[in-house]
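**Q** Take a look at the letters that make up each chain.
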Amino acid sequence: MSDHEHRCGEGKSSHLTCREIAEFLLGYLERDLDEQVLAEFDTHLGHCPPCGHYLEGYRETVELVRRCGRAECDTSSKPSWQPPPEDLVQAILRAKNSATE
Amino acid sequence: MSDSATQLPDPRGSSEVGFVADTPENSAANLDIDTTIVEGLRAGDDRAFELLVRTYVGPLRAVALRLLQNQADADDAVQEALLSAYRGFANFRADARLATWLHRIVVNAALQRLRRGRRQDEAQDIDGLLPRFQANGYPEHFHQPWVSSIDDLVTRAETRESVREMIARLPETYRTVLVLRDIEELDTSEAAELLGISPATLKVRLHRARQALRNLFERELELTREA
Numbered sequence: 000m001s002d003h004e005h006r007c008g009e010g011k012s013s014h015l016t017c018r019e020i021a022e023f024l025l026g027y028l029e030r031d032l033d034e035q036v037l038a039e040f041d042t043h044l045g046h047c048p049p050c051g052h053y054l055e056g057y058r059e060t061v062e063l064v065r066r067c068g069r070a071e072c073d074t075s076s077k078p079s080w081q082p083p084p085e086d087l088v089q090a091i092l093r094a095k096n097s098a099t100e
Numbered sequence: 000m001s002d003s004a005t006q007l008p009d010p011r012g013s014s015e016v017g018f019v020a021d022t023p024e025n026s027a028a029n030l031d032i033d034t035t036i037v038e039g040l041r042a043g044d045d046r047a048f049e050l051l052v053r054t055y056v057g058p059l060r061a062v063a064l065r066l067l068q069n070q071a072d073a074d075d076a077v078q079e080a081l082l083s084a085y086r087g088f089a090n091f092r093a094d095a096r097l098a099t100w101l102h103r104i105v106v107n108a109a110l111q112r113l114r115r116g117r118r119q120d121e122a123q124d125i126d127g128l129l130p131r132f133q134a135n136g137y138p139e140h141f142h143q144p145w146v147s148s149i150d151d152l153v154t155r156a157e158t159r160e161s162v163r164e165m166i167a168r169l170p171e172t173y174r175t176v177l178v179l180r181d182i183e184e185l186d187t188s189e190a191a192e193l194l195g196i197s198p199a200t201l202k203v204r205l206h207r208a209r210q211a212l213r214n215l216f217e218r219e220l221e222l223t224r225e226a
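Residue numbers (numbering that gives the first Met the number 0), protein chains in the order written: chain A, 0 to 100; chain B, 0 to 226.
Note that these hints are calculated values from the structure, not bench results. Fair warning: there could be bad hints in the mix.
As the list claims (entries may be wrong) - Here are some chain A residues pointing at chain B (derived, C-beta under 10 Å):
id	residue
1	G51
2	E55
3	G56
4	E59
We put the CB at the ideal spot given by N, CA and C, even for glycine.
If we strip away everything but chain A, and leave its shape as in the complex, we get (with noise of 0.2 Å):
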């Protein structure tokens, strides 16, 4: 038995393959999948661990981009956005004053 199937309990813990618990992971957390197939994610999940942690990983992933994606929400530092630079509000004001004569 290889590492990998020892970590997998037996080996066969679903019809799905690893390969395909990563492909399919999207459709899996948005329940976008038939029913039988969740169902076999939940078997392989609960059997393979590299796969669960693959999953939590993922799930980490998502958050992080969430929660440091927007660097005017950084609350160490001054938000990039303050104050509104001037000249680019003035060539709005600008453009706008143009486009209404």
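Fit chain B to the given chain A structure using the hints.
**A** For chain B alone, kept in the frame of chain A given last:
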């Protein structure tokens, strides 16, 4: 000029609002300023447009920059968006939120600019960042639990900066989808419509972008004991 327009505050004295953390205090302040802007624009007061610009130019610029990755392009997109908002203000629904309406307009302006400026020869290959598997479907690399919690990671300024830098490294096709869904928080159908692609295609790109970032984060932030 109408009475409502004469109630406008000096635009230069406006506080920063817009896409700030949604505390009850911020929400109330935003609503007050938004009401002033909307009533002023409806009354035809030019100062209302200046107040709109001064209030929202900063956060809109940040949104455009996330999509365009270039400050000059982002500034142009914001200018287009605010002029478009001014010209199309009659389309603003009374029950809508001004920040949300402007957000959609600047996203659209940035995406149009992205399409116009897209280089056909730009590498869009993300395969090298995706997980690898053996022929029998087993992974080439056994995934390990991450040793740092998300709460710990986000407290470090250098980690937050690294996360944004790694997002910027994604090929544009994938980065755009990720930014729209996971940062700008558009839903699948709305993001797909703005990009002119099917929801199924959008989901494929989003998944690959997340998988690529997962690998990048794990490797470059040294998140496993193996790293």
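**Q** None of the hints should be skipped; say for each whether it holds.
**A** Comparing the hints with the structure gives:
| no. | hint | result |
| --- | --- | --- |
| 1 | G51 | holds, 8 Å |
| 2 | E55 | holds, 7 Å |
| 3 | G56 | holds, 5 Å |
| 4 | E59 | holds, 6 Å |
Violated hints: none; the structure is consistent with every hint.
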